[in-house]
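Asker: These are the residues of each chain, in order.
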Amino acid sequence: MHIVVCIKQVPDAKNVRIDPETNTLVRQGVDSIVNPHDWYAVEAALLLRDEYGGQVTVMTMGPPQAEEALRETLALGVDQAVLLSDRAFAGADTWATSLTLARAVAKLEPVDLVICGKQAIDGDTAQVGPGLAAHLDQPYTTYGRKLELVDGSQLRVERLTDFGYEVVQMALPAVVTVVREIGDPRMPGLKHKMRAKKLEIPTWGAADLDLKPEEVGLQGSFTQVVKVFSPPPRSDREMLTGEVEEQAERLFNLLKDGKVPGL
Amino acid sequence: MKARIDKEKCIACGECVEVCPVEAIDIVDEVAQVDNSCTLCGLCVESCEYEAITMPEVDAPETEDLESYRGVWIVAEHLNGEVHSVSYELLGVGRTLADKLGVELAAILIGDQLQDAAQQLIGYGADRVHLVEHPALTPFNDESHSKVLTELIRQKKPEILLGGATAMGRSFIPRVAVAVETGLTADCTGLDIGEDGLLYQTRPAFGGNVMATILCPNRRPQMSTVRPMVMKKPVFDEQRQGEVEPFTPSQEAVTSRVTVVDTVIQEQETARLAEADVVVTGGRGLQKAENFDVIEDLALLLDGAVGATRSVVDEGWKAYSHQVGQTGKTVSPKLYLACGVSGAIQHVVGMQGSEIIVAVNKDPEAPIFDIVNYGVVADLFEFLPAFVKKIKEKRGE
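Order-wise, the sequence lines are chains A and B.
Residue numbering for the first sequence is -16 to 246, as defined by the working numbering.
Residue numbering for the second sequence is 37 to 433, as defined by the working numbering.
One should not assume that every hint holds.
[What the hints assert, rightly or not] Result set (PhoX-like, lysine-lysine): computed pairs, CA atoms no more than 20 Å apart in a straight line:
#  : chain 1 : residue 1 : chain 2 : residue 2
1  : A       : Lys242    : B       : Lys136
2  : A       : Lys239    : B       : Lys324
3  : B       : Lys268    : B       : Lys370
4  : B       : Lys268    : A       : Lys242
5  : B       : Lys269    : B       : Lys370
6  : B       : Lys38     : A       : Lys210
7  : B       : Lys370    : A       : Lys242
8  : B       : Lys136    : B       : Lys43
9  : A       : Lys90     : A       : Lys195
10 : A       : Lys239    : B       : Lys365
11 : A       : Lys239    : B       : Lys398
12 : A       : Lys239    : B       : Lys370
13 : A       : Lys195    : B       : Lys38
14 : B       : Lys365    : A       : Lys129
15 : B       : Lys136    : B       : Lys324
16 : B       : Lys430    : A       : Lys239
17 : B       : Lys398    : B       : Lys324
18 : A       : Lys242    : B       : Lys426
19 : A       : Lys242    : B       : Lys430
20 : A       : Lys242    : B       : Lys269
21 : B       : Lys38     : B       : Lys136
Hints are computed from structural coordinates only; laboratory data are not their basis.
Kindly generate the complete structure, drawing on both the sequences and the hints.
Answerer: If you want it as structure tokens, here you go:
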């Protein structure tokens, strides 16, 4: 079985904080990390490989430094990695991103399963996984928490819903996005770490994927960001002091004035 | 392509260098310079007080006749015929958009045996319900529902389509957007029609630390998913008239390569996180699983949901389905009450869209107090029972 995992390098939220005075984004040092949800995608792929054999390829689209994110996952025992990097890819929306990833999956054929994290923490759209499935015209499901193979060619997925959970089944090849309940990602092994440092990672650009510059990046995107601004600041903060009884009285009145239902 | 610097206007203040998430900007020879790692995220444009930074412009591609697309659609979500409240909220904002454009507001209802639900949608503001009923369309199935919706869009051509940013909406609407080759903006918190007649879609980005306004100028429909609990639910009018228009999908559209083997609806005593007006969350300050009683008591009293921080879930005190934050759920209730929560950024990004935030914490220096409306410095085990007592007393219970 060949599994492709799509990951994204994102800014580390730990280094982002909100300045309470101005309510704007403050960044202290700029570290990039592997999108936290994507570790569960990597783990899901490795669990399937442990159980059924095969190989795992991890892939990311990003600037050249995104190679670092790929190497981090190689240290967990991922077999190979591909970097999709091209100046023309910059500014891609979820349409252009999922198209680019789909072309890369096609180039990696045969591929039995593509796994993505449920969403990336910078954009938070959760659109690339389903979009990728649409471009590939493959069956897919989202929010998977348990994956298993049935009869060798069917994927059975237990997935979270807003109301509980659901069990779905589909023929491979397919696309699935996964959540944290897949299980904690394994620790890097020494042997894998050594290999991760040395392994050659190919870089594919638009031309390698038979994509024209106008099909990718900002040019290939249907949505355009026209304005970026700070969220409106919260109204003045009030710290409630005094005895517990007084605090409870004051909070009740404030929330009642704020029209909180049930008060 | 990368962000452009106007060298005349740039004063080399370095603000953009600070704000760039990918370290693409440096000050070289007293002027900001952008290197090739720029991802065109636009954060620097907003950070520059001197308006020295712009994003590159994109030539408008040739597109089919956009004018032939008319009307505002909302995709109604339901569980076995019971309509999800977010669908009514969509009708509220959809009504405003449709009125501004002077067009019809329609709801799309896909499943089986849905006549009652169709009438509900009309009562909440739909002028028309496109009703698609077929035994194969229940239970919900991402693939068949997206194919049916795709067929409808191709035939009827709406200019705007809104769906709920629920687990269901965020799962199947992206596939529809790709199938009809248009743009989709996720998780919008604001929608408006501009003077140019376009849909201005505003959403939080970078964990809610910035807001972005997004357009889809050259494709139709303009598609958005909208967060539950953000838009106002309209008042139900039993007398309201509307048309129910049945639609017969192709046989191919109602088939799916994905089989739903089992659907499990887990009942719970307290409300569900995404839909609750009030969320009461417990953090590490709860000390142990049993102590969550005080959180649950208050949540039940206010008909609210119980939230948990990541560390609480890691400790096994609460199930993952309660987790609020970066790797859990994003909530935006009317009231968010954080008890014994320190305020780690990965938690804050999941709740800072809440209307009123209250924190109860013993430590007056806890970072959570930086983002609250009301801060209560107290031992939560003393404060919460007192607060519960107060509510009961005021309600006359």
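Asker: Does each hint fit the structure? Answer for all of them.
Answerer: Evaluation of the provided hints:
| no. | hint | result |
| --- | --- | --- |
| 1 | A/Lys242 <-> B/Lys136 | 29 Å, violated |
| 2 | A/Lys239 <-> B/Lys324 | 31 Å, violated |
| 3 | B/Lys268 <-> B/Lys370 | 12 Å, holds |
| 4 | B/Lys268 <-> A/Lys242 | 14 Å, holds |
| 5 | B/Lys269 <-> B/Lys370 | 13 Å, holds |
| 6 | B/Lys38 <-> A/Lys210 | 16 Å, holds |
| 7 | B/Lys370 <-> A/Lys242 | 9 Å, holds |
| 8 | B/Lys136 <-> B/Lys43 | 41 Å, violated |
| 9 | A/Lys90 <-> A/Lys195 | 16 Å, holds |
| 10 | A/Lys239 <-> B/Lys365 | 27 Å, violated |
| 11 | A/Lys239 <-> B/Lys398 | 24 Å, violated |
| 12 | A/Lys239 <-> B/Lys370 | 12 Å, holds |
| 13 | A/Lys195 <-> B/Lys38 | 18 Å, holds |
| 14 | B/Lys365 <-> A/Lys129 | 19 Å, holds |
| 15 | B/Lys136 <-> B/Lys324 | 53 Å, violated |
| 16 | B/Lys430 <-> A/Lys239 | 11 Å, holds |
| 17 | B/Lys398 <-> B/Lys324 | 17 Å, holds |
| 18 | A/Lys242 <-> B/Lys426 | 17 Å, holds |
| 19 | A/Lys242 <-> B/Lys430 | 15 Å, holds |
| 20 | A/Lys242 <-> B/Lys269 | 16 Å, holds |
| 21 | B/Lys38 <-> B/Lys136 | 36 Å, violated |
Hints 1, 2, 8, 10, 11, 15, 21 from the earlier list are contradicted by this structure; the remaining hints agree with it.
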